[in-house]
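Working from the sequences, and respecting the hints, build out all of it.
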Amino acid sequence: MTRKQKRLSVIVAGLSFLALAAGLTFYALGQKASYFYMPGDLAVANLAPGQRIRLGGLVEKGTIVRGQGTTVSFAVTDTHDTVKVTYTGILPDLFREEQGVITEGSFGSDGVFVADSVLAKHDERYMPKEVADGLKAKGVWQETQVK
Amino acid sequence: MVEIGHFALVLAFALALIQTIVPLVGARIGSDRMMAVAAPTAITGFALTALSFAALMVAYAGSDFSVVNVWENSHSLQPMIYKLTGTWGNHEGSMLLWVLILAFFGALVAAFGANLPASLKANVLAVQGSIGLAFFLFILITSNPFARLIPAPVEGRDLNPILQDLGLAVHPPLLYLGYVGFSICFSFSVAALIDGRIDAAWARWVRPWTLVAWIFLTGGIAVGSYWAYYELGWGGFWFWDPVENASFMPWLAGTALLHSAIVMEKRSALKIWTLLLAILTFSLSLLGTFLVRSGVLTSVHAFATDPSRGIFILCILLFFIGGSLALFALRASSLTAGGLFQPISREGALVLNNLFLTTATATVLIGTLYPLALEALTGDKISVGEPFFNLTFGPLMVPLLLLVPFGPLLAWKRGDLLAVAQRLMAAFGAALLAALVTLFFIDGGSVLAATGAGLAVWLIFGAATDLAMKAGFRSVTFPVMLRRLVGLPRSVFGTAFAHAGLGITLIGLVGTLNFGEEHILTMKPQQTVEVAGRTIRFEGIQPMKGPNFNEDRAHFQLINAGGQVTATISSSKRFYPARQMPTTEAGIKTIGFSQLYIALGDESADGSVVARIWWKPLVTLIWLGGLVMMMGGAVSLADRRLRVGAPARRKSKPVPVASPS
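If you read the protein sequences in the order shown, they are chains L and D. Each position in the first sequence, counted from 1, maps to that position plus 953 in this note's numbering. Each position in the second sequence, counted from 1, maps to that position plus 74 in this note's numbering.
Keep in mind the hints are simulated off the structure, nothing from the lab. Ideal placement from N, C-alpha and C gives every residue a C-beta, glycine not left out.
In silico DSSO-like links for lysine-lysine, alpha-carbon gap of 30 Å or less:
| no. | chain 1 | residue 1 | chain 2 | residue 2 |
| --- | --- | --- | --- | --- |
| 1 | D | Lys663 | D | Lys598 |
| 2 | D | Lys598 | D | Lys619 |
| 3 | D | Lys340 | D | Lys544 |
| 4 | D | Lys340 | D | Lys487 |
| 5 | D | Lys340 | L | Lys957 |
| 6 | L | Lys1014 | D | Lys598 |
| 7 | L | Lys959 | D | Lys340 |
| 8 | L | Lys959 | D | Lys487 |
| 9 | L | Lys985 | L | Lys1037 |
| 10 | D | Lys455 | L | Lys1014 |
| 11 | L | Lys985 | D | Lys455 |
| 12 | L | Lys1037 | D | Lys455 |
| 13 | L | Lys957 | D | Lys487 |
| 14 | D | Lys619 | D | Lys663 |
Covered, in the sense of this in silico footprint (three residues per stretch, anywhere, with C-beta under 8 Å from a C-beta of chain D), are these stretches of chain L:
| no. | stretch |
| --- | --- |
| 15 | 963-974 |
| 16 | 986-994 |
| 17 | 1036-1044 |
Here is the structure:
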């Protein structure tokens, strides 16, 4: 090979490697990223069965039911629509009634959302960003409440 | 004292302005006197910033709640150590620490750069000064830590309880020493572009600085990871959280830079690439600062939520990244390029390393920024987490780790792949054995675990093979070999340690992710549970009182086969009244390299408690591996050929030309 050909082949090899990595990245973004919904968005969301999503909202007052071993069930609401959620495990320290929460998991066949992780944030005034935006859009929550 | 701190900060800002302009102009018009301004202003600027930081620390130590920042982040009952570390446990204070470290690195160049060419030194300090200028302005305008509160409140609002911890006391300084340390490489690169030339002094200076920054960044990430592991009570050590990625990206790019700088130093090739990589590495540091400090993220780490700050940092980011890349585009073609070389050679291996590491950096970058971009453009909110990174970052790491042992064994210029492969046969055998044992003889062994274990052993034995071969294994007698081993350059040991450290971390990952156990159960007092063949008995819960918190402390006992109590583990839920905030203090018992980890859930009236108990085999190796990598970096830094006070200047060697084949 001449020097030029050699350089060319190195460049081609490098570029095809990058293309492969880029392809993998975009495939992964399509497949592995989970979308965020509020309870009210679900009617139009058109979810595939078993699709992983993140469901956020407020923990509705008076819906937290413990028992059944370490399984906890509660309802997540955006003040208009409500979704029932079950979760097995230890809830975060800041999980409380009427606090913002994000749960991640998928819907079971009975329409109950089975969460495998529950996030509440480490700050008593903190409202998860997605939840805050969603509630603001519905006009039931204002920025001043966090300050 | 507080006003002195504020005043010193304003003075430091003014000095940074001088440090930016005068030496730059001086280098342009060739005025020695103007260039000589750089060093004293850099050193004085550092002294003033240090004074300013000390003033804030004194305010924290004395619980001076007339300072807004102290009131918001401290409490008179806090232990003194957390009063002091609270100085940087908040947005304003941590930005002050950021500029302090920036000024510190500038002062180091000023103090020890006597043998640098005058114009290079002047330009480096000018660029360093300009970064300082931007961030001093940022602090003074948007994040003044010295703002007063009149009348002064009687009591402070306490430091965020999860930050009241020794791990988080040392994490930010280490991380910033790494992050900001790359500013020196950036300044050297921009200075070279301004100067329009890269000479031997440039190459000799950049590598040790990269190494120093890399060592600290490695430490910062390791400490941060361990802190998240024991303090958040989730038992996880890495969440692919954007804030973690923000520190991981400069680390990946910095690791690439470390390797390309070797090629540049030894073979004076890859010059322009190294220069670009240095710019990109610090750009990623700046991006990380933006992500963390602007509050654009939804993240457990993001405490800052003021958009005006975000826009300010974004402007700084755009100016420095855009400016340096534009300068690069204009000037790079005028720099003398290095020579080409054979693909099968040490250089070639290092180029492959760079290809993998920069691509990996890019996948992390995309995974971190894509959700932000998507939300800004379409309003869709997505989260990109572990599944994404497993699919993109993972596949890139496997071939990279496979190639690691080959690199140091290949000769410069023209390597013999077959000979190297033969030398690595023993390491390969050990790796294969480890993989097979994991797959067939350990419960729960999977193909993934076997691959991981094999790769880890491959890395460690590969590193050992390199040392043995360089000492003359098989070709000389044993005593001669030992003597040669001791006489090897320290950088050879550095490489071996760093690569072995990577293998050690990998063993920890394989152990924890594949062979761990997790139990979630409600335990009544005196109830026992079997975890990984060990019996744990719950003794009961006791209320306790700390200096600024109350806690419910649960006691567990570890019981051996004979019924004897071998250890007690206490795990608690704390409540900090000042912030009305609960935290979890996990109970951890280290057994060998493994750990038992107990976190508490809710308590019932009958004295029973929900407990989450993990068995984490070999988990400590994850961080010990990081420590070994740091040690490798430190040993390499001690290599006399790499001394910062570089030896007498020599003429640059002629560029090797690849022979056509």
